[in-house]
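Student: Here the protein sequences come in this chain order: A and B.
The C-terminal position of the first sequence is numbered 377 in the working numbering, with every residue numbered one higher than the one before it.
The C-terminal position of the second sequence is numbered 320 in the working numbering, with every residue numbered one higher than the one before it.
Think of the hints as simulated: they come from the structure by calculation, not from any bench.
There's no promise every hint is true.
[Said to hold, decoys possible] Residues on chain A that point at chain B, a partial pick, calculated with CB under 10 Å:
(1) P225
(2) G228
(3) S231
Predicted model only: the values in this text are computed from it and were never measured.
Each residue gets a CB set at the ideal place from its N, CA and C atoms; glycine is no exception.
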Amino acid sequence: MNPRKNQLVSLAALGFAAVIALTACGGTADGDSGASDDSGAVGGGYAELSGNLAGAGASSMANAQTAWTETFKGLVQAEGGDITVTYDPTGSGTGREQFLSGQVKFAGTDAALDEEELAASIAVCGGEQAFDLPVYISPIAVVFHLEGVDSLNLTPEVIAGIFAEDITTWNDPAIAELNPDAELPGTAIVPVHRSDDSGTTENFTEYLSDNAPEAWTHGPIETWPIDGGQSGDGTSGMISAVESGNGTIGYADASQAGNLGTASIQVGEEFVDFSAEAAATAVDVSPREEGRAENDIVMELDRTTTEAGAYPIVLISYLALCGSYEDAATGDAVKAYASFMLSEQGQTVAQENAGSAPLSEELRTEAQAAIDDITVG
Amino acid sequence: MSTADLETESPTSPATSMASSERRLGDSIFSWLSIGSGLLIFLTLAAVAVFLTTESLPAIVASREFSGTADFSLVQYALPLVFGTALASAIALVIAIPISIGIALFISHYAPRRMAATLGYLIDLLAAVPSVVYGLWGGIWLVPKLEPLYVFLNTYLGWIPLFAGEPTAPMRNLASASVVLAVMVLPIITAITREVFLQTPRLQEEAALALGATRWETIRTVVLPFGRGGVVAASMLGLGRALGETMAVLMILAPGATFSLHILEVGRHNSIAANIASKSAEASGVEMSLLIFTGLVLFVLTFLINAVARWIVARSGPKS
Numbered sequence: 001m002n003p004r005k006n007q008l009v010s011l012a013a014l015g016f017a018a019v020i021a022l023t024a025c026g027g028t029a030d031g032d033s034g035a036s037d038d039s040g041a042v043g044g045g046y047a048e049l050s051g052n053l054a055g056a057g058a059s060s061m062a063n064a065q066t067a068w069t070e071t072f073k074g075l076v077q078a079e080g081g082d083i084t085v086t087y088d089p090t091g092s093g094t095g096r097e098q099f100l101s102g103q104v105k106f107a108g109t110d111a112a113l114d115e116e117e118l119a120a121s122i123a124v125c126g127g128e129q130a131f132d133l134p135v136y137i138s139p140i141a142v143v144f145h146l147e148g149v150d151s152l153n154l155t156p157e158v159i160a161g162i163f164a165e166d167i168t169t170w171n172d173p174a175i176a177e178l179n180p181d182a183e184l185p186g187t188a189i190v191p192v193h194r195s196d197d198s199g200t201t202e203n204f205t206e207y208l209s210d211n212a213p214e215a216w217t218h219g220p221i222e223t224w225p226i227d228g229g230q231s232g233d234g235t236s237g238m239i240s241a242v243e244s245g246n247g248t249i250g251y252a253d254a255s256q257a258g259n260l261g262t263a264s265i266q267v268g269e270e271f272v273d274f275s276a277e278a279a280a281t282a283v284d285v286s287p288r289e290e291g292r293a294e295n296d297i298v299m300e301l302d303r304t305t306t307e308a309g310a311y312p313i314v315l316i317s318y319l320a321l322c323g324s325y326e327d328a329a330t331g332d333a334v335k336a337y338a339s340f341m342l343s344e345q346g347q348t349v350a351q352e353n354a355g356s357a358p359l360s361e362e363l364r365t366e367a368q369a370a371i372d373d374i375t376v377g
Numbered sequence: 001m002s003t004a005d006l007e008t009e010s011p012t013s014p015a016t017s018m019a020s021s022e023r024r025l026g027d028s029i030f031s032w033l034s035i036g037s038g039l040l041i042f043l044t045l046a047a048v049a050v051f052l053t054t055e056s057l058p059a060i061v062a063s064r065e066f067s068g069t070a071d072f073s074l075v076q077y078a079l080p081l082v083f084g085t086a087l088a089s090a091i092a093l094v095i096a097i098p099i100s101i102g103i104a105l106f107i108s109h110y111a112p113r114r115m116a117a118t119l120g121y122l123i124d125l126l127a128a129v130p131s132v133v134y135g136l137w138g139g140i141w142l143v144p145k146l147e148p149l150y151v152f153l154n155t156y157l158g159w160i161p162l163f164a165g166e167p168t169a170p171m172r173n174l175a176s177a178s179v180v181l182a183v184m185v186l187p188i189i190t191a192i193t194r195e196v197f198l199q200t201p202r203l204q205e206e207a208a209l210a211l212g213a214t215r216w217e218t219i220r221t222v223v224l225p226f227g228r229g230g231v232v233a234a235s236m237l238g239l240g241r242a243l244g245e246t247m248a249v250l251m252i253l254a255p256g257a258t259f260s261l262h263i264l265e266v267g268r269h270n271s272i273a274a275n276i277a278s279k280s281a282e283a284s285g286v287e288m289s290l291l292i293f294t295g296l297v298l299f300v301l302t303f304l305i306n307a308v309a310r311w312i313v314a315r316s317g318p319k320s
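Chain B on its own, in the form it takes in the complex:
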């Protein structure tokens, strides 16, 4: 958006017309550098797309869908993985978004300034923890701790499909993976949401307070509507991380390939990235190509989600 604004402004702006008449060397070097950096992104993205497509071609050509004879099917292989990836990420977001908004509001509107700074710093630190460490922590420490909760959910809320089924210890199930994913996406969502909330026009907030609104009413009527687009964008970034997360899922989840909604059952789901990581060590030939195909699916999926997120942000962004 901001680049678009600049472009529309530049022809009329007197500063740029002056600069263009007597261009300095530094200016042109810098402009080429930045254009180069911008192009590099496209090139990298294109290179990845080309790689994924060409490398997955052997599997696509040999699959049952195209050759009619092979003993493996692209859809049958990839769809449960897509389902598992999407379900794990969705649950992670459902857990993470409310908590993130809570933390962000606390930092931006409730906490004393010094505490807010410390808390913000801690949240950012959480983003710097490598995913392997989250995987170890989740697999060894968290999974046994969650067991009583799962048994409770299964016994008393088992009539909800999500909590139905027969959970068996160790609880290396999708729910555990989602909880760890939620912790991992929390810092991203919180950081962006906090920044957006801090951008709320001061005058609007003061106007709300002047009309007699309480702090909560101010947040509900001014801050949240203003930040809605930002929250959506932040969530989508978090979703991106959750979708592609590999190590933590790999180390926590006992995988399976079904469309089961029973997130407490073990060996029912798997994510695309974790599946690639675990299978690629011993895969070769068409098998490898099939794994790369699932990578392509994830690539497209992430692309689509980003597009949808942009569309939502554009539609519901701040109208000021």
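Chain A on its own, in the form it takes in the complex:
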């Protein structure tokens, strides 16, 4: 399926290259002026986009990508262009693999490209390294289903204790102490985890092991380390398992929490409930990962932050792009689409459709600068 798509892409690219050659360098100049405008509206240059652009990767941003590809297509069509962007949510690992073998032109991934992958990218990226940009931030909610209780205050230690199966009943003194007003029943706690390997699990356990290393001894992991227990496949499986039990507790993408009770978690001295703003704050106070190229924006999430109003159980998904695209049509399409995702409009579209947290303006500006530096043709 993919090779055929690529043929189409390159066919379309050939046609587009011819057009570009005829109109001389007018097209590229347009693209530059459009891209340097970082106010969010990335208008301009859409009229010349055509063909297909294929991406693949993390399933976490699948909903956002669906919204992005559709909105983008509409925007391009409104200006007279015609492009179809597809995103195949094959999973982060497969997405990176396909990106590095040149099958897809961009990838979505929950984990940024590592050194080895960056080195390997030079071969498919026209001699320049690939890089990562944060594009999708999503708070992970601690959800529970306990009759008569809608909200709870929990510390990282208590959450870790619950998921490590050390705290086994809801009226455990450790929980009662944090929630003097709640009427906690003696129901057994049933922790629910993801049965598939998941970036959500990885981010959640990273939070636990950073904040409560003594209670959570398994470290940050993708595959659940404790044998047995309740679990669900994917976010929907997790939510349905938590919903259909009593005394169940799990963790899931906040947009899917629905009617379930959610826990406020302790950050510094106060308890913070999840929200898009709180998640964005947690990302903003985090430093960038050191030792990476200037355009390779990877956040070193500070999960132990004590910043007021920050919600540090956050999942960041990255966009992996090439530093240069030999094919002008593909390059222009990638730049336009990436700029759109990172624009204010793009982030709002994702928030409305996938419940993600919009990136801060500062981060968007930095990312846009990196996109502008992509060499095309």
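Got chain A; can you put chain B on it based on the hints?
Tutor: Leaving out everything else, chain B in the frame of chain A:
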């Protein structure tokens, strides 16, 4: 069997010798087409086998069994999955076979003709429901309904290892998965069993009745022995579907990797197919190869089971 009969007959049959002397174009086209179709099956099967083997080689080579150093072991990874798959399928068959035989007998020997036709049609319809729908139905509707039954079994029959342990709600356990699997294999087994029962020689049945046998005695002494091979074959086909069933198991079962017999406990078992489906989304490299290896194991397992089934059918088939 039937092809073998044809082959042994053909040289002596006058019709074929005549046709071969003046062969028509249509004949040869048709014969090549059918030979081609037959070969295609072999090719597909071979292609799948080759794919599974080559793609799982990296995992086999890198495994602890062969390299001695890796942190994963083929046996340790695959064996609990094989166990879970086999246990779920076995329980499904134990539930489905008696019910299927009951339905088939009802249709072939008890029901009025019009009702039998309708019922047969309904059973076939059950086979057309996609497994995702069974998964949704099982996970959302059936699981909560089964909870009281499980609690009862656990409390009063907990001394039987199968029902021991500590079931916790929601009951996303192997027993629930098996019940749904049973529903899914029911139509296959019923359809074939019914056809076999209908083949019972009329004269034998009438002879039994003439000797004074009741309807039940007729069924016991004539129909069931005659259909035994067919029932076994039908069950094996059903088993094939149960072994490979993916979506329904994936959506119902909270997986684990143990050799526990406690089918009411959650997070103890998993099936090969469901495991591949759930892990392949985020797997790459050796991990993917390991998943494909489990696919190879399932392939071989299905092959073996089919071989055993053929052997049983050949041994216990109707001797008429």
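Student: Confirm or reject each hint.
Tutor: Comparing the hints with the structure gives:
The restraint placing P225 (chain A) at the interface with chain B is violated, with a minimum CB-CB distance near 12 Å, outside the 10 Å limit. With its C-beta approaching chain B no nearer than about 4 Å, G228 (chain A) sits inside the 10 Å limit, and its interface hint holds. Nearest Cβ of chain B to the Cβ of S231 (chain A): about 4 Å, under the 10 Å cut. The hint holds.
Hint check: a violation occurs at hint 1 only; the rest are consistent with the structure.
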